[in-house]
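Chemist: The sequence shown stops at residue 135 when you use the working numbering, and every number in between is there.
Hints were generated in silico from the structure; no laboratory data involved.
Heads up, none of these hints are tricks.
Here are the computed distance ranges between Cβ atoms for each label pair:
| hint | residue 1 | residue 2 | range |
| --- | --- | --- | --- |
| 1 | 106 | 60 | 15 to 23 Å |
| 2 | 89 | 46 | 16 to 24 Å |
| 3 | 121 | 77 | 20 to 28 Å |
| 4 | 50 | 108 | 15 to 23 Å |
| 5 | 75 | 99 | 34 to 42 Å |
| 6 | 69 | 95 | 17 to 25 Å |
| 7 | 41 | 108 | 16 to 24 Å |
| 8 | 74 | 54 | 26 to 34 Å |
By construction, the Cβ of each residue, glycine as well, lies at the ideal position given by its N, Cα and C atoms.
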Amino acid sequence: MCRPTPVVDRRRRPMQTVNSIDPHAQLRALYISLLRNQEHFDEFKQLLALYVVAPEADEEPVDAARIRAQLNGRIRSWIGGFFDGLSASQVLQWRAIVVEERFNVCLSPWKESNVY
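Just need the whole structure built from these sequences, with the hints factored in.
Modeler: Listed below in structure tokens is the structure:
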């Protein structure tokens with residue numbers, strides 16, 4: 020019995036590799052996980068607090084790299100495994116926002132104006 024060969028419309032195929040995942044989708048999945056699960060947020064914040072890198076450091080210290088690997092592993096478990104991982108600079112940015120509670124003044128000018 021001869022089966023017809025399926026026609027594949029290559030114009031409709033996305034231009035990405037099989038292993039490539041949209042970084043914005045990964046970030047959204049992380050946000051949703053942190054917002055829906057207090058335990059995830061608490062552990063995320065705790066691991067970020069343990070991530071210490073001196074400002075003058077040229078390279079990520081071994082202990083910091085270990086913490087970042089642990090953090091990325093936990094994020095993968097929270098969102099189902101499809102996560103490329105946070106870079107060292109991304110972890111520092113998250114740490115500044117979540118742990119040190121530093122926000123860009125340009126993004127939140129109302130903060131000082133709302134003091135009574």
